[in-house]
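Enquirer: Sequence:
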Amino acid sequence: LGFLFIILVPGALIMLMMKIREVGFWEYLVYTIGLSVAFIMFAGLAVNWILPWLMITSKPLQLKFILPIFDMILLVFWMIAYKINQDLSEIKLKIPQLDWINNIFFTIPILFPFMAVTGAFLLNNHGTNIVTMVMLGGIALYVLLVVIFRKRLNPNIYPWAIWMISISLLLASSMRSWYVGGPDISLEYWVFQLTKEKVFWSISNFNNAYNVMLSLNIFPTTLSYFINVNNQFIFKLFIPIVFSIISLIIYLISRKKLSFLLSFFAGLLFLSSPDFINWYSIPIRQEIAFLFFSLMILVLFSKEINPEIRNMFFVIFGFSMIVSHYSTAYIALAIFLLAYIFTLIYKWYENRKIKKVKLKPSEKQEFHLTSTIILLLFVFGFLWYSQVSDVASGPISFIKNSFSNIG
Numbered sequence: 008l009g010f011l012f013i014i015l016v017p018g019a020l021i022m023l024m025m026k027i028r029e030v031g032f033w034e035y036l037v038y039t040i041g042l043s044v045a046f047i048m049f050a051g052l053a054v055n056w057i058l059p060w061l062m063i064t065s066k067p068l069q070l071k072f073i074l075p076i077f078d079m080i081l082l083v084f085w086m087i088a089y090k091i092n093q094d095l096s097e098i099k100l101k102i103p104q105l106d107w108i109n110n111i112f113f114t115i116p117i118l119f120p121f122m123a124v125t126g127a128f129l130l131n132n133h134g135t136n137i138v139t140m141v142m143l144g145g146i147a148l149y150v151l152l153v154v155i156f157r158k159r160l161n162p163n164i165y166p167w168a169i170w171m172i173s174i175s176l177l178l179a180s181s182m183r184s185w186y187v188g189g190p191d192i193s194l195e196y197w198v199f200q201l202t203k204e205k206v207f208w209s210i211s212n213f214n215n216a217y218n219v220m221l222s223l224n225i226f227p228t229t230l231s232y233f234i235n236v237n238n239q240f241i242f243k244l245f246i247p248i249v250f251s252i253i254s255l256i257i258y259l260i261s262r263k264k265l266s267f268l269l270s271f272f273a274g275l276l277f278l279s280s281p282d283f284i285n286w287y288s289i290p291i292r293q294e295i296a297f298l299f300f301s302l303m304i305l306v307l308f309s310k311e312i313n314p315e316i317r318n319m320f321f322v323i324f325g326f327s328m329i330v331s332h333y334s335t336a337y338i339a340l341a342i343f344l345l346a347y348i349f350t351l352i353y354k355w356y357e358n359r360k361i362k363k364v365k366l367k368p369s370e371k372q373e374f375h376l377t378s379t380i381i382l383l384l385f386v387f388g389f390l391w392y393s394q395v396s397d398v399a400s401g402p403i404s405f406i407k408n409s410f411s412n413i414g
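The working numbering puts the first residue of the sequence shown at 8, with every later residue one more than the last.
Treat each hint with caution, since some may be false.
To be verified - Result set (DSS-like, lysine-lysine): computed pairs, CA atoms no more than 30 Å apart in a straight line:
(1) 71 / 205
(2) 367 / 354
(3) 158 / 264
(4) 310 / 367
(5) 263 / 407
(6) 158 / 101
(7) 99 / 310
(8) 71 / 203
(9) 101 / 26
(10) 26 / 365
(11) 263 / 367
(12) 407 / 264
(13) 365 / 310
(14) 371 / 360
(15) 90 / 310
(16) 310 / 264
(17) 264 / 360
(18) 263 / 203
(19) 26 / 90
(20) 26 / 407
(21) 354 / 371
(22) 360 / 407
(23) 264 / 365
Unchecked claim - Okay, the calculated beta carbon distance ranges per label pair:
(24) 69 / 356: 55 to 61 Å
(25) 131 / 211: 34 to 40 Å
(26) 352 / 35: 33 to 39 Å
(27) 237 / 194: 15 to 21 Å
(28) 279 / 69: 42 to 48 Å
(29) 212 / 347: 32 to 38 Å
Everything labelled a hint here was simulated from the structure, so no lab data went into it.
Owing to the predicted nature of the structure, the values given are computational and were not obtained by experimental measurement.
By construction, the Cβ of each residue, glycine as well, lies at the ideal position given by its N, Cα and C atoms.
Turn these sequences into a full structure, and let the hints guide you.
Expert: Below, the structure is given as structure tokens:
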């Protein structure tokens with residue numbers, strides 16, 4: 008219940024404050040989760056910095072401070088949301104009436120995550136792998152049946168199934184062993200433990216690039232207070248559940264252009280990559296950064312959201328990506344800058360065609376990337392990586408070495 012609260016309520020209140028009503032349920036859900044994760048990181052960072060500055064405490068990251076401050080912030084959000092949405096009629100939840108085939112296709116994916124965890128526990132105790140093998144075979148058979156019965160399926164079956172399959176494949180790996188495991192995870196977990204032990208985050212605690220990432224210090228520390236489980240399960244269970252929605256986001260991005268079935272396959276294509284199936288290939292900080300990067304792409308192509316709100320969400324997710332993982336941020340910023348340069352070239356080409364009366368002004372392409380949001384991301388990246396920390400020296404030395412070693 009603590010996990011559901013902290014991962015849904017902050018984002019839901021922000022969505023209500025922004026008065027976003029036109030997007031579908033699944034898109035609304037992924038924005039809600041993404042905004043909640045961003046809220047945990049930046050609200051936690053504010054608590055970490057402001058309380059010592061006000062000389063209230065030198066150890067701000069304690070439950071007795073975080074819980075009441077988060078409650079007060081969320082109460083303010085609720086009051087604003089209530090005032091803004093007074094015109095909203097009473098929401099009546101209606102459970103879709105599904106026929107027997109759709110009920111079967113809705114129920115089967117629920118079994119996969121339970122089978123994944125059960126199979127991992129059996130293997131941890133030197134037991135049989137039969138449950139895990141049945142789960143993997145069941146997923147393959149389920150996908151085949153989705154294709155066969157595609158014309159009779161409710162549209163909500165596709166995103167639900169892709170999300171459950173995603174959770175299952177992640178947990179089948181992450182829940183193996185009684186301890187955390189994966190690339191760089193020993194140092195990642197140590198950064199988390201160090202922050203929780205000192206009850207205060209500072210780069211001086213451990214002057215290392217890992218300690219700059221809020222996805223490894225503020226986020227898991229705050230999450231652990233609300234969930235109150237063994238700290239290893241924050242990395243083994245709850246963060247993989249958060250990361251699992253990336254497959255759902257890929258499905259939603261694909262739905263902007265493709266059919267339900269092809270979008271389902273787009274999500275499966277990502278799930279089928281060795282780096283995803285082998286959970287140990289993706290570090291924790293990169294999981295959170297990938298989540299925000301995918302949300303940036305999704306919101307960029309969301310025509311249902313007001314352009315000003317869309318740009319604001321893009322910047323929020325961009326800032327969150329920057330404080331989550333440096334390499335992902337560098338590559339993403341380069342991609343967005345290059346995309347923006349290409350849009351400028353294409354706009355110049357369009358204007359020439361309009362002048363030659365080869366194109367009507369109404370036929371011009373619509374682009375959502377603006378110089379302002381690109382500049383904001385670069386400025387924030389510079390401030391975070393060069394002023395708050397010294398991570399920026401990494402890509403600079405990489406570029407210098409690359410050019411000097413071309414010969």
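Enquirer: Looking back at the hints listed earlier, which ones does the structure fail to meet?
Expert: Of the numbered hints given earlier, those the structure breaks are 5, 10, 12, 18, 20, 22, listed in rising order.
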